[in-house]
Amino acid sequence: QVQLVESGGGLVQAGGSLRLSCATSGIVFSTRTMAWYRQAPGKQRDLVAHITGGGLTYYSDSVKGRFTISRDNAKGTMYLQMNSLKQEDTAVYYCNDYFNPMAQWGQGTQVTVSS
Numbered sequence: 010q011v012q013l014v015e016s017g018g019g020l021v022q023a024g025g026s027l028r029l030s031c032a033t034s035g036i037v038f039s040t041r042t043m044a045w046y047r048q049a050p051g052k053q054r055d056l057v058a059h060i061t062g063g064g065l066t067y068y069s070d071s072v073k074g075r076f077t078i079s080r081d082n083a084k085g086t087m088y089l090q091m092n093s094l095k096q097e098d099t100a101v102y103y104c105n106d107y108f109n110p111m112a113q114w115g116q117g118t119q120v121t122v123s124s
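In the working numbering, the protein residues as written are 10 to 124.
For the record, the hints were derived by calculation from the structure and aren't laboratory data.
Check the hints yourself; a few may be wrong.
[Stated by the list, open to error] Taking lysine-lysine pairs in the PhoX-like style, the calculated list, with each CA pair at most 25 Å apart, reads:
(1) K95 to K52
(2) K73 to K52
(3) K52 to K84
[Stated by the list, open to error] What follows is a list of derived Cβ distance ranges for each label pair:
(4) S93 to I36: 27 to 35 Å
(5) T40 to T121: 31 to 39 Å
(6) Q96 to V37: 20 to 28 Å
(7) Q116 to S39: 30 to 38 Å
(8) Q10 to A83: 17 to 25 Å
As the structure is a computational prediction, the values presented were derived from the model and not from experiment.
Think of the CB as a built atom: it goes at the ideal place given N, C-alpha and C, for glycine as much as any other residue.
Make the full structure from the sequences, and use the hints.
See the structure below:
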């Protein structure tokens, strides 16, 4: 059974940091390009960053220089280190396969950045 479990969100002040995790099971993780997405209230789900199995990365302009995506293929887990957080980063964060997204998304993890 395929599972995506996001964790690590929380409430943080602007300028602070959080580290999100995406634990997977039921997939061959190391061969997949994995991505982080986020969805703010009333808005569409947007791509934040993605990482290939070999570690090549892409970042949206809104997070470039502040967020770092990484993965541990042995653990089947992906991470998102978020620094210098801004209020506009407030959203529910999700992970999924970038090229072949799984139909069942995880529950996401809420990130709230206060002023």
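Status of each hint after checking the structure:
1. K95 to K52: Holds. K95 to K52 sits at ~17 Å (cutoff 25 Å).
2. K73 to K52: 20 Å, holds
3. K52 to K84: Violated: K52 and K84 sit about 32 Å apart, past 25 Å.
4. S93 to I36: 27 to 35 Å: The hint (27 to 35 Å, Cβ to Cβ) holds, given that S93 and I36 are roughly 32 Å apart.
5. T40 to T121: 31 to 39 Å: 34 Å, holds
6. Q96 to V37: 20 to 28 Å: This hint is violated: roughly 38 Å between Cβ atoms.
7. Q116 to S39: 30 to 38 Å: Hint violated: Cβ distance 24 Å, outside 30 to 38 Å.
8. Q10 to A83: 17 to 25 Å: Cβ of Q10 to Cβ of A83: about 21 Å, so the range 17 to 25 Å holds.
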